[in-house]
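**Student:** Listed below are the residues making up each chain.
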Amino acid sequence: AQTVTQSQPEMSVQEAETVTLSCTYDTSENNYYLFWYKQPPSRQMILVIRQEAYKQQNATENRFSVNFQKAAKSFSLKISDSQLGDTAMYFCAFMMSTGTASKLTFGTGTRLQVTL
Amino acid sequence: DGGITQSPKYLFRKEGQNVTLSCEQNLNHDAMYWYRQDPGQGLRLIYYSQIVNDFQKGDIAEGYSVSREKKESFPLTVTSAQKNPTAFYLCASSRRDRSATQYFGPGTRLLVL
Numbered sequence: 001a002q003t004v005t006q007s008q009p010e011m012s013v014q015e016a017e018t019v020t021l022s023c024t025y026d027t028s029e030n031n032y033y034l035f036w037y038k039q040p041p042s043r044q045m046i047l048v049i050r051q052e053a054y055k056q057q058n059a060t061e062n063r064f065s066v067n068f069q070k071a072a073k074s075f076s077l078k079i080s081d082s083q084l085g086d087t088a089m090y091f092c093a094f095m096m097s098t099g100t101a102s103k104l105t106f107g108t109g110t111r112l113q114v115t116l
Numbered sequence: 001d002g003g004i005t006q007s008p009k010y011l012f013r014k015e016g017q018n019v020t021l022s023c024e025q026n027l028n029h030d031a032m033y034w035y036r037q038d039p040g041q042g043l044r045l046i047y048y049s050q051i052v053n054d055f056q057k058g059d060i061a062e063g064y065s066v067s068r069e070k071k072e073s074f075p076l077t078v079t080s081a082q083k084n085p086t087a088f089y090l091c092a093s094s095r096r097d098r099s100a101t102q103y104f105g106p107g108t109r110l111l112v113l
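Going line by line, the protein sequences match chains A and B.
So the first sequence is numbered by this note's numbering: it starts at 1 and just counts up by one.
So the second sequence is numbered by this note's numbering: it starts at 1 and just counts up by one.
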């Protein structure tokens, strides 16, 4: 079974600074997908970024980028120029590519607080 | 606008009562999912459905039941057999392929009276 570990329960960053959230995972599969989802106080889960394991290039979405290290099974999220609206729980998730079902395995989350 | 709706936002259950959570999507997605979220934990998969009239158990299906009579709808029933139903429930949907991204609804908070 796949597992996803987020070792930082809480983090804090000042507005306009950069912060990196860590995620490691365990799998014996070679083809898979990794995601970061954001859950603000409204509790709606919002997709932040997605990475395909077969791609060497790290995914980026505006101020959000990942550092994907396949051999180390590491998938960290970097948030640049942090904004107050980035305050949320951030979940790392793993999706195995088998059959036609896209089943997600989530980490326990990192609570990020952006301060003035 | 295309999206996923869940109702109600808050739901209260009495002991021994079955309650049903609604999930509707107009994204034309074939696959739909139900997750449970407890404090300090990530989301755990309850049930999922890849096509109408078909569904499979997830990791924590005991005490829950689902139906999939329409493509747009995937209701979840929390039965009296679920002894600890207090949680936040999230519905998601995706295309029916192994690379598909899941998109989530706003969730339902279930509390036991």
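In case anyone wonders, no lab produced these hints; they're calculated from the structure.
Note that beta-carbon positions come from the ideal geometry of N, C-alpha and C, so glycine has one too.
There could be a bad hint or two in this list.
[As the list claims (entries may be wrong)] In silico DSS-like links for lysine-lysine, alpha-carbon gap of 25 Å or less:
| no. | chain 1 | residue 1 | chain 2 | residue 2 |
| --- | --- | --- | --- | --- |
| 1 | A | Lys78 | A | Lys55 |
| 2 | B | Lys83 | B | Lys70 |
| 3 | B | Lys57 | B | Lys83 |
| 4 | A | Lys103 | A | Lys70 |
| 5 | A | Lys70 | A | Lys55 |
| 6 | A | Lys103 | B | Lys14 |
| 7 | B | Lys71 | A | Lys103 |
| 8 | A | Lys103 | B | Lys70 |
| 9 | B | Lys9 | B | Lys70 |
[Said to hold, decoys possible] Counterexamples of contact, computed for chain B against chain A with all Cβ distances above 12 Å:
| no. | residue |
| --- | --- |
| 10 | Glu24 |
| 11 | Asn26 |
| 12 | Arg44 |
| 13 | Gly58 |
| 14 | Glu62 |
| 15 | Glu72 |
| 16 | Pro75 |
| 17 | Thr77 |
| 18 | Thr86 |
| 19 | Ser94 |
| 20 | Arg95 |
| 21 | Leu111 |
[Stated by the list, open to error] On the chain A side, residues computed to face chain B include the following (Cβ under 8 Å):
| no. | residue |
| --- | --- |
| 22 | Arg50 |
| 23 | Tyr54 |
| 24 | Gln57 |
| 25 | Phe64 |
| 26 | Phe68 |
| 27 | Leu84 |
| 28 | Ser102 |
| 29 | Lys103 |
| 30 | Gly107 |
| 31 | Arg111 |
**Student:** Run every hint past the structure and note whether it holds.
**Tutor:** Cross-check of the supplied hints:
no. : hint                : verdict
1   : A:Lys78 to A:Lys55  : holds (18 Å)
2   : B:Lys83 to B:Lys70  : violated (29 Å)
3   : B:Lys57 to B:Lys83  : holds (18 Å)
4   : A:Lys103 to A:Lys70 : holds (20 Å)
5   : A:Lys70 to A:Lys55  : holds (10 Å)
6   : A:Lys103 to B:Lys14 : violated (32 Å)
7   : B:Lys71 to A:Lys103 : holds (19 Å)
8   : A:Lys103 to B:Lys70 : holds (21 Å)
9   : B:Lys9 to B:Lys70   : holds (22 Å)
10  : Glu24               : holds (16 Å)
11  : Asn26               : holds (17 Å)
12  : Arg44               : violated (8 Å)
13  : Gly58               : violated (8 Å)
14  : Glu62               : holds (18 Å)
15  : Glu72               : holds (19 Å)
16  : Pro75               : holds (19 Å)
17  : Thr77               : holds (21 Å)
18  : Thr86               : holds (15 Å)
19  : Ser94               : violated (6 Å)
20  : Arg95               : violated (8 Å)
21  : Leu111              : holds (14 Å)
22  : Arg50               : holds (6 Å)
23  : Tyr54               : violated (10 Å)
24  : Gln57               : violated (17 Å)
25  : Phe64               : violated (15 Å)
26  : Phe68               : violated (16 Å)
27  : Leu84               : violated (21 Å)
28  : Ser102              : holds (5 Å)
29  : Lys103              : holds (6 Å)
30  : Gly107              : holds (5 Å)
31  : Arg111              : violated (10 Å)
Checked against the numbered hints above, the structure violates hints 2, 6, 12, 13, 19, 20, 23, 24, 25, 26, 27 and 31; every other hint is satisfied.
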